[in-house]
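Participant: What follows is each chain in one-letter form.
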Amino acid sequence: EAQVTQNPRYLITVTGKKLTVTCSQNMNHEYMSWYRQDPGLGLRQIYYSMNVEVTDKGDVPEGYKVSRKEKRNFPLILESPSPNQTSLYFCASSLSRGGADGYTFGSGTRLTVV
Amino acid sequence: GENVEQHPSTLSVQEGDSAVIKCTYSDSASNYFPWYKQELGKGPQLIIDIRSNVGEKKDQRIAVTLNKTAKHFSLHITETQPEDSAVYFCAAIQAAGNKLTFGGGTRVLVKP
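Sequence lines, in order, name chains D and Z. Oh and the first sequence: position 104 is 104 in the working numbering, straight run, nothing missing. Oh and the second sequence: position 19 is 19 in the working numbering, straight run, nothing missing.
Hints in this document: simulated from the structure, not taken from any laboratory. Computed from a prediction, not measured in an experiment: that's the story for all the values here. Just so you know, even glycine gets a beta-carbon here, dropped at the ideal spot from N, CA and C. Where hints are given, some of them may not hold.
[What the hints assert, rightly or not] Partial pick of chain Z residues on the chain D-facing surface, computed with a CB cut under 10 Å:
1) GLY43
2) ASP49
3) ASN53
4) PHE102
5) GLY104
Pulled out of the complex, with its shape left as it was, chain Z reads as follows:
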């Protein structure tokens, strides 16, 4: 089955700096890669996703890149703000699959 590894497990950045979270996956058939943000006391919320026919996708201050050859994808947050402090999860699924496989999560702390 699919295995997703996520690094780092914790990330502390100064407000205004950039944050990068990296994930690797094992199943070359995976073709959908979402990112979820989990704020304290809440359920995870989808913030951006990318499909395997695209190399990069942006939405305001967040972007995701995908390298299919190397089987890794990354989340980039620019100009970080205190409200970006949360736990972030990456995930992967193949077209014929029945479930998302999640990474272990990254706790991001943005220091004012």
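Just chain D, with the same shape it has in the complex:
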């Protein structure tokens, strides 16, 4: 089954404790992206990757890092999480650049930073 898998689904952590949210896709897509979803603000892009070793900032990259060492994996790293990073996070992948033929989204990671 074609899918994007994120882990964990839920995470509660404390301020300053580094964490990684994993994302993996099995569709051989070149383009991958991370979004955060906050009430009333829709989906805002954090980082995206056009291919292996090619990443770039989205609209809200502050406080986040990503890496793309393999085509299928695109982890999101929070080096020093803060409460304003409490949010619902989605990883997505697409065949075309920018999601221009439709994204496949993961099921989401709900992160709470206390």
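Given chain D, put chain Z in place with the hints provided.
Facilitator: Positioned in the frame of chain D, the structure of chain Z alone reads:
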């Protein structure tokens, strides 16, 4: 950059009635406009899309219309059913762009 505004933010309809969600975009170069449905506890899922060379597209009970001159596009759901209850997002991207820009979302509640 692109800016997409979506209205209304919440929409309550009686089962069997129609629902309409409207979006406006700012970048006249945008040429791809998808709609996503997000059910509770799940990621958004593409339900229909339209490209700028087409004015309207239908898929069973859902349709999307595009007015390039006015820079707005709409999602129409006819004969609504309880399973249509969800959050809907519109989005836009230009051909040379690197990312979709999403609207703020519309929470649709279909009352039995």
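Participant: A separate judgement is required for each hint: does it hold in the structure or not?
Facilitator: Hint check:
no.: 1; hint: GLY43; result: holds, 3 Å
no.: 2; hint: ASP49; result: holds, 6 Å
no.: 3; hint: ASN53; result: violated, 14 Å
no.: 4; hint: PHE102; result: holds, 4 Å
no.: 5; hint: GLY104; result: holds, 4 Å
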